[in-house]
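Sequence order for the protein chains is S and Y.
Take the first sequence: its position 82, counted from the start at 1, is 82 in the working numbering, and no numbers get skipped.
Take the second sequence: its position 240, counted from the start at 1, is 240 in the working numbering, and no numbers get skipped.
It should be emphasised that the hints constitute simulated quantities derived from the structure, not laboratory data.
Take these hints with a grain of salt, some might be off.
Covered stretches of chain Y, going by a simulated chain S footprint (3 or more residues, C-beta under 8 Å) [to be verified]:
no. : region
1   : 85 to 92
2   : 102 to 114
3   : 214 to 221
Virtual Cβ for every residue (Gly too), placed ideally from N, Cα, C.
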Amino acid sequence: MNVMRLRSPKAVVSTLASILALALGAVVLTAWMNVRDGEPLDARQSPAIPTSDMAKRGQYLARVGNCASCHTARGGLPFAGGKSLETPFGTVFTSNITPDTATGIGDWTSADFWRAMHHGRSKDGRLLYPAFPYPQYTRITRDDSDAIFVYLLSLQSVAQPNRPHALRFPFNTQAALAIWRALFFSPERFEPQKEQSEEWNRGAYLVRGLGHCQACHAPRNPFGATQSNLELSGGLIPMQNWYAPSLASPAEAGLQDWSIEAIMQLLQSGKAANGSTLGPMAAVVFSSTQYLNDGDSGAIARFLKELPRHESTQPDRKSANSDGHGLGQRLYKNQCAECHGDNGEGSGAYPSLAGNRTVTMNSSVNLVRIILSGGFAPTTRGNPRPYGMPPFGQTLSDVEVAAVATYVRNAWGNNAGAVIPLNVQKTR
Amino acid sequence: MSRLTSRSTSRLTPLTNLLATWLLVFGLPQSMALAAVPQDSMAQRVKACATCHGQEGRATNSGYFPRIAGKPAGYLYNQLINFRDGRRHNPTMTYLLAQMSDQYLQEIANHFASLELPYPPAQTTKAPQATLARGEQLVRQGDVARGVPACAACHGSAMSGLAPAIPGLLGLPHDYLLGQLGAWRNDVRRATAPDCMGEIARRLSPQDVSAVATWLSSQNVLQPVLQPVRQKVAPAGSLPTKPAMECGSGFR
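Whenever a hint applies, use it, and build me the whole structure from the sequences.
Below, the structure written as structure tokens:
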């Protein structure tokens, strides 16, 4: 107050005016950043002739983009939405994208749909939450967007009203979303890199666009935005307690040393000689990548194999041999060795644990998760009758899970940090 | 993007040569002792189920987890689908089944349905005689006043279930039976509409639910030692010509 009194009224007005001008400028800038790269909506109202070929291509692309996985509630009708996605900011409910006019996208044009995919804005201009992965989908071509739209319009209409999101203030406001978008989102178009092969470019288009791999396989900042400076460098999936391992690091899930065929097999069947999928990636294989044709699967494999290596930092090995005075070894012998072998060597159906990256990588979250929850690889054409890992969460205590996890992380040449019971408790 | 360079690994130093020789002579025989190759069988594939449901799906006569061995394949299949699609709630079951095709779930159901295994003795109970009598009455006669049909009317006079999809009710833990009837009353466990069991459970009083669970869990499963178990225990017999209620599953 004293400060104010010392100043002349003129100075106060001028200061206020400056603040107001700055604020106005920020609002205008934010608003502009939210509408840039827009096109007039009437540019291409609907595809010239929606053909069945187009719908078929759209169905394929919708699977590559894994649309149904989020836009279908458990046990609900396909694409009718209503699935809850937990985020650190509250719950987002997915929308009905069937052709119902009142509750779905029946009255949308292909331009509206393109604007949602490319700009992250709804038909009414509303800004969409990036739980819908438009920060990646933005790279989709207009042709592919149109094909998906034609496919969606060919579906059975379902009258199911969208459920309002349950997000906390201020995240539930369009203003907060506008600022978020100004900071972390810019519409992009996929530009092929001329020095790379056509195959690599196709892989890059799918991985960075429709496949939205970055949505899980990258760290998120405190505002929930994926950081693009380290492509596919791994990240903890918010709220799910699974770690999506780095595809840049051969010490995690990097595929630089795999053959193209093995990568394709993992994507298409969920299981390869040197690894199989569990948890969220099993879900992705089940509803998306198992449908990839050989060309696209090979292109993604090429792109991932050639992803620049970025070694993850070496683990901090504190008290690596503290497996509970032989408790871990005893548990392993009694509970695990029957399938994984006395020396962690595995066998045809069961993965080896010696040298297994899920066991040895820096983050022990997935190892603990798998011991607690078990799991089956997804059923696919290539692996229609998968073998299972039992869930030990109901029979082993936190101390026991930590002991056996620490044991397998340090036996048979493995050398990784100890798992403490607190980590197990946090993962339950 | 630059092509990846790989370091040459073909040149071995004398020390690594020595180590390799040592490994070859002493290390390998041990590390190559592979675990027995798992049988290419359903039993091996679904071993994960044993952690909770007991070896071969027999469960135990205590605790919560139900026996699944020998239940009708149609019933087991319906339950697997219901867990996967969110009509029944158990996070472990839902997680394990989330990425399974209908076809594989049918195969799993067929596997456990085909197991013919002896039952353990029934759970003992300290419940008052009146409770047991009320339980037995509901099971055998139902309660006309409340519109509750007898359990035996659909689940068979020996309560051993009926093909294709009505489960047997004996050999299940008390807590499990109580949990299921309670879940039906609260709309947490559901079946394909019309959900007759949901309707029946809602017509029962809490005391009735407890009485039925107590009586059922205290009954031994009839299984003569010398006779094949199948004759007495496996779901058998014919469906009632007219179900006591409209049911969306169980009869189809």
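Which hints, by number, does the structure contradict? Hint 3 alone not satisfied by this model.
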